[in-house]
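Chains as they are written, first to last, in this note's numbering: chain A, 97 to 219; chain B, 97 to 219.
Everything labelled a hint here was simulated from the structure, so no lab data went into it. Heads up, a few of these hints could be off.
The list makes no distinction among identical chains, and a pair is therefore deemed to hold if it is satisfied within one copy or across any two copies.
Stated by the list, open to error - Okay, derived cross-link-like pairs now, EDC-like style, lysine to aspartate or glutamate, Cα gap no bigger than 16 Å in a straight line: (1) K182 - D120; (2) K101 - D138; (3) K168 - D109; (4) K182 - D193; (5) K182 - E216; (6) K168 - E100; (7) K198 - E188; (8) K200 - E104.
Please read these numbers as outputs of a predicted model, since none were measured by experiment.
There are 2 protein chains.
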Amino acid sequence: MIPEKLREVLKQDGVVAIATLGQDGPHMVNTWNSYVGITNDDRILIPVGYMHRTEANIAFNNQVLITLGSRKVAGNMGPGAGFLIKGIACIETSGSDFDVIKAKFAWARAVMAVTASSIEQTL
Amino acid sequence: MIPEKLREVLKQDGVVAIATLGQDGPHMVNTWNSYVGITNDDRILIPVGYMHRTEANIAFNNQVLITLGSRKVAGNMGPGAGFLIKGIACIETSGSDFDVIKAKFAWARAVMAVTASSIEQTL
Chain A
97 MIPEKLREVL KQDGVVAIAT LGQDGPHMVN TWNSYVGITN DDRILIPVGY MHRTEANIAF
157 NNQVLITLGS RKVAGNMGPG AGFLIKGIAC IETSGSDFDV IKAKFAWARA VMAVTASSIE
217 QTL
Chain B
97 MIPEKLREVL KQDGVVAIAT LGQDGPHMVN TWNSYVGITN DDRILIPVGY MHRTEANIAF
157 NNQVLITLGS RKVAGNMGPG AGFLIKGIAC IETSGSDFDV IKAKFAWARA VMAVTASSIE
217 QTL
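One chain only, chain A, in its complex shape (with noise of 0.2 Å):
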């Protein structure tokens, strides 16, 4: 279940970070929160452009952490919402989801999506 103030916080301008596990270690890439998109089955759908190295620590590992935010949602501690999602993340290129998000970002290789396990509201 996607909460509706995650929904609110992806209205708003911001940066989501998507951490990955490698054998090197881990590592964090950067999206926008306008770029990301919900299935109606709950599963999150984030378009592909770079992102080589988290396609390899996916390959090696699946379990994705993805934070993200606005400071103008109301939050728990006063003005400023943000949530850390932790999930499965698999990467396609192509399908119904990948369909979905190469028609709006056309620059878009892959999309990765993520069944989250547990979505928590941190701030």
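Given chain A's structure and the hints, the job is docking chain B onto it.
Here is chain B on its own, set in the frame of chain A:
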């Protein structure tokens, strides 16, 4: 050396992500761009409120990854600049770094002082 563009990003609203690696795997926490300070010798100071797991992870492995960005600063690929910082973190509960942070953020129980080993502009 802290790039001028990173200082520009810190002047804008935004979410900072901090990843650490513990015995249970990677962990991520967030803070806000406006909370991040830069010392005269280019260390990065972040007030520590909660962050108990991050602190435990740093005691185990002091390498941290930090990402931050702003859609409002011109970047490498159009509007939006982002940075990936790799560094060594130390949690300090006294001393001049802590005094500076505590004066600004009364709720801070410590300061995370990060010495960057690399700063990469990713966006």
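Original post:
Which of the stated hints cannot be reconciled with the structure, identified by number in ascending sequence?
Top reply: Of the numbered hints given earlier, those the structure breaks are 4, 8, listed in rising order.
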